Structure formats: structure tokens, C-alpha cells
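Colleague: Chain by chain, the residues:
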Amino acid sequence: MTAVKPAPAARPMRSKAARDRASATWLHLALIPLALLFLAPLWMMLVFSTHPETAIFSPNPPLWFGGAFKENFDGLQADTNFLRALGNSTVISVAYTLLSMLLTSLAGFAFAKYNFPGRNILFGLILATLTIPTFVTIIPQFILVARDLKMSNTYWAVILPTLANTIGIFYMRQAFQTVPDDLLAAARIDGASEVRIFWQIALPVVRPALAALAILLFLASWNDYLWPLIVLTQKDSYTMPVALGTLVGLTRVSWGGIMVGTAIATVPFLALFLALQRHFVAGIAGGAVKD
Amino acid sequence: MTTVNPAPPPRRRARVPLAPYLFILPYLLIFATFWAWPIVSSFLMSFKDSRLGAAAGYGVSNWQRLLTDEFFRTALKNTVIILVIQVPLMLTLATTLAVALNSRLLRARGLFRFAFFAPLVVGTVAYSAVFRLLFNGEFGIVNRALAGLGLPEVDWLNQPAPAMAVIILAMTWRWTGYNAIILLAGLQGIPEDVYEAAAIDGATPWQQFWKMTLPLLRPTLLFCVVLSVIGTLQLFTEPALITNSGPGNATMTLGTYLYQQGFRSFNFGYASAIAYAVAALAAVFSFAQLRLFGRDS
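Taken in sequence, the protein lines are chains S and D. Numbering follows UniProt numbering, in which position 130 of the first sequence is assigned residue number 130; successive positions increment by one, without gaps. Numbering follows UniProt numbering, in which position 4 of the second sequence is assigned residue number 4; successive positions increment by one, without gaps.
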């Protein structure tokens, strides 16, 4: 993809080029089957979504698309009100992603760029909870949301507790640390307010990290299963994974329907990831794991 | 906030002592309500017997029960087995992949990256369903392939050890690419000239990997190890959806047991005790990892 790097000048002889070519061949020979293995379940999911169950379970399962997509989809919609679940998932994931990005970048900015009393204690406290499994909080969260706040089966029930995203804050703090102090100081001298400095100067600089975070947050929310399963008890409030989960749990599993549902839920992401993947790796490099 | 700013820093920062607090406040409110308080609350709850008709006072009955509970022991054993096999397997594969993906000899890097990251995009419910299909004893493709090779078929999901293997494979399939991408980002942070210098000194690629890449990658690897271990300790979706904790309780994990106690039997006190046992394990593992390869991070 990117231009091949010119070999370091003086040293290399013809033998090095030959050796490189051999290594390159081996590298591809090893990686291609592995890549296919990683893609296989995804491919099967897409292909199976277009076949009736009899074909999926036939001695020679199909490897290419068939014509039963509509039929599978209608079955799925009848079993689960899938479109409703898809709508719920979309609203929840978009709202969660935007809110979480806002909260974690605000806080991450403060931790990265201000010196204030209590900063280290607060950040230490937040960071310490990173190693606490979410399981520890799940029961009190449930009691709080379902019993005390009476929010069962609402969008907020799914969104609010998951907003306390520790990794996000850690990630955004790392990203903001790369923003030069002089840039902010200059804006301050020009009389910009702190909010404006955050919004119009610092935030645009960390856009790649923000994009990567957005993908991770959206994915996490879109695919979250356990928490929605706990707080959503009515069919109409189900998110997409919970709705599909009800199908898997049955003894008579509707495979064609599940495959259609998961394919519909997956394809937009594959497209998004393909479009953004270059930025995605760069974003992760600039954010999360810069020690 | 009425706190006085002690010893104003030399710059003009002192002018805006309120801003950082206001920036943190929204996050902090959520954090306190939905994280910090529940952490405390669940600890308290673990000392309360919440079963119907039980006395409302505090006591250690949940913890006593935990020590003698056969199901808990099974769940713990299964979780640790998965952890000990799956995390090293996955991270070895992920590191190898990251190095391969970072190679300047590799063509079409974008395509490969996509292939290895793709499993993460497939929802947990979806890939669980796919794995159930793949490893189905009667018509699963895996068994067909085994038969094609003249090997005996395996009733994957109805036998303890094979069922465990399926869970491990599924998790590895799903999370290897994610870790590889994080490690790849870590690799790209290592300056190129380190390698050029080593090559000039005559270090073989193998030596370069062990003596330079791995040590320089250590902080990133540590990050991956800690997150993977904590993730595995809470494993829920795969055993719940692929094997339904079965056959018998052969793939029951701490996660599925906690769910069963907390949200099927609504025994919140006992479930909280299980949750804290998981937290204690996570703390022990994290501490051990930091001691083993932490040092500078």
C-alpha cells in the first residue's frame, strides 16, 4: 500500500534483496491462510443469511449467496420485531458514543492540561477502578437503575451506567498530552475562554484519537449483551443483541433469522472500519498505549 | 468550590482555577453514582443474606457458603483453566501477527488488518451462533472436515473438554485481532533506527525480536495482558450462548454463575460475594503481572 521503503544506501548487496524476496513470500504464505481462517465465520454468516435452513444444514453447505434473504428476514422480524430492536440499538449506541466522547474528553483534557489541587488523587482513583471488574458493580447498578430510579426498559437504563468509562478517560488524557502547551497559552493570551480553548483548539488536534475512541465505544455499546439483557425486560425495549439472544436460547433455533440479523448488524461496521482503518491504527497509536 | 489555590503557579493558570473542576464534574457525577458507590455498595451487600425470608442483618454467611460451594469451585476452576490456556495462546498469536503486519515486506497491509480485526465487528451473539453451527456434532462444518480427513468426529458441544476447547477457540478468534492492533500500534512507536543500528551490528531478525522488540513492547503487552485477564475473569457471553454452561456445568464460569445467582435466583448478597471474589482474583493477577513485567509502567 504505502510506498516501499528505499533500502538503506551503502550496505545492501544483491543477496539481501533476494533474501527479502524469499522472506516476503513466506510471510504471505503464512498470513493468507490465517487471514482466511479469521474471515471464514464472517463469510459464513453473510452467506448463510441468504439461504433457507435446509441448505445451511445440508451435507454440502453453501459457499456462495442464495436467494432466501427476504424469507429469512421476514421470519426474523416476525419472531423478534427486529426492526424495533435495531432502532433501539441505534439510538442507544449513538447517544452513548456522543455522550461518552464528550464526558471523557472534557475530563481527559482537564487531567492532561491543568494543574489543580486534587488532580493526582482523582486521576489515581479513576485509574485504580480500571482493574476492578465490571461485575462488582453490576448488582448495585441494577438495583439503582431498576428499583430506585425506576428506569427499567428505557434507553437511559442502558446508557447511564455505562457512561462511567474509565478506559476512555485514560485514553483521552493520553491524547491531550500530545497537544502543545504553547498552543493553548497563545489562545489564552488572545483572550479565548477555557471552554473555547477546549472545543475549538484542543479537540480538533486530537481528532484521530477521538475517531478511534468513537469506533471502540460504538462497537462496545452496539455489541453489549449482558447489561441490556439485565435492564431490558420487555420485548419492545430490546436491543439488537438481546433480541437475537432470545433466538439462540430457544431449542428450535432459527438459524437463517439469526444470520440475517447479525449480517444486518455487522455490515455497516465492516464498511465503516474499512473506510477508517488507517486512521484507526494511527488513532490507537496516538491515544491508548503511549506509555 | 471554595478551596484556596495554594502557591499560585508562575504562569497565568492561576486565573482559571474553576475550569478543570467544571470539566471533570459531569464525568465525576456519573463515576460516583454508577461506579464508585456501587463498588462500596456491593461490598456491603456481600455481607447480607438476601434470600427470601432471611434475617436482614449483616453477617458472613455468603462468604462461608462461597468456601464450601461446589458450583463456585467448578466455576472458578473452569475460569482459571480458560484463562491459563487462552490468554497466553491469544497474546502469542497476537504478537506474532502484529510483527508480521508491521513488516515492511508485507503487501496489502490494509486488507490483512481488516481480516484480523473483522471478528471484533461481529457481535458476540452473532459469532456465538456461528460457532454453535460450526461445531455442531451432527452437521457442523468442523466435523465434516474431520471426516473428510479420515479423522474421528467429535461431539464438540456435548462433551466437557471439547466444549471448553470451543469456548477457547471462539474467544481467541474474536480477540486476537484486537490485541494485534494494539500491539501493532505499540510496534509503530518503536523508532526505525533502533533496528537499523542492530542490523548493522549484525543482529539476526530472531535476536532483534527477542532482545529489542519484546522488551520495547513490554508496556503495551502488559496493557493487553491485564485487560485480557480481567476480561476473561468476567467471561459470560460465550459460555452463556455457545454451550449454555454445559454439558453439565463443564463450561460454567464465574460470570455465568454470578448471573445465575444474581439475576435468575435474585440472590444479590451471594452474587455480590462472587463478584468480590472475582475482583480479588483480578487484583491478585494484576499485581502479579505488574511485579513480573511492570517496573516502568
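Keep in mind the hints are simulated off the structure, nothing from the lab. Do not rely on the hints blindly, as some may be mistaken.
What the hints assert, rightly or not - The calculated BS3-like cross-link candidates involving lysine-lysine, where the alpha carbons are at most 30 angstroms apart (straight line), are: (1) S:Lys235 to S:Lys70; (2) D:Lys77 to S:Lys16; (3) D:Lys48 to D:Lys77; (4) S:Lys150 to D:Lys48; (5) S:Lys235 to S:Lys150.
Stated by the list, open to error - Sample of chain S residues lacking proximity to chain D, with all beta carbon distances greater than 12 angstroms (derived): (6) Arg21; (7) Ala22; (8) Trp64; (9) Asp74; (10) Val91; (11) Tyr114; (12) Pro204; (13) Val205; (14) Ser237; (15) Gly257; (16) Leu272.
Bear in mind the structure is a predicted one, so any value in this text is a computation, not a measurement. For each residue, glycine too, the CB sits at the ideal point set by N, CA and C.
Colleague: Please go over all the hints and tell whether each is borne out by the structure.
Modeller: The hints, checked one at a time:
Of the pairs offered as hints, the one joining S:Lys235 and S:Lys70 holds, with about 23 angstroms between alpha carbons and a cut-off of 30 angstroms not exceeded. At most 30 angstroms may separate the alpha-carbon atoms for a hinted pair to count; D:Lys77 and S:Lys16 exceed this at roughly 51 angstroms. Of the supplied pair hints, the one linking D:Lys48 and D:Lys77 holds, its CA atoms being roughly 26 angstroms apart against a limit of 30 angstroms. Proposed proximity of S:Lys150 and D:Lys48 is supported: the alpha carbons are some 23 angstroms apart, at most 30 angstroms.
Proposed proximity of S:Lys235 and S:Lys150 is supported: the alpha carbons are some 17 angstroms apart, at most 30 angstroms. A Cβ of chain D approaches the Cβ of S:Arg21 within 12 angstroms, the least distance being about 9 angstroms, so the stated non-interface status is violated. Under the 12 angstroms C-beta cut-off, the non-interface status given to S:Ala22 relative to chain D is violated; the minimum distance is some 10 angstroms. Annotated as non-interface, S:Trp64 keeps its C-beta farther than 12 angstroms from every C-beta of chain D; the closest such distance is 15 angstroms.
Residue-level check passed: S:Asp74 sits 19 angstroms from the nearest beta carbon of chain D, beyond 12 angstroms. The Cβ of S:Val91 lies farther than 12 angstroms from every Cβ of chain D, with a closest approach of about 17 angstroms, so its non-interface assignment holds. Look at S:Tyr114: its CB is around 4 angstroms from the nearest CB on chain D, not clear of 12 angstroms, so calling it non-interface is violated. Taking the minimum C-beta to C-beta distance to chain D, about 17 angstroms, the non-interface status of S:Pro204 holds against the 12 angstroms cut.
Its beta-carbon lying about 16 angstroms from the closest one in chain D, S:Val205 satisfies the requirement of being farther than 12 angstroms from that chain. Every CB of chain D lies more than 12 angstroms from the CB of S:Ser237, the least distance being 16 angstroms, so the non-interface label holds. Not every beta carbon of chain D lies more than 12 angstroms from that of S:Gly257, the smallest distance being close to 10 angstroms; the non-interface claim is violated. Chain D draws S:Leu272 into its interface by the beta-carbon criterion, the shortest separation being 9 angstroms against a cut-off of 12 angstroms.
The structure is inconsistent with the numbered hints 2, 6, 7, 11, 15 and 16, although it conforms to all the rest.
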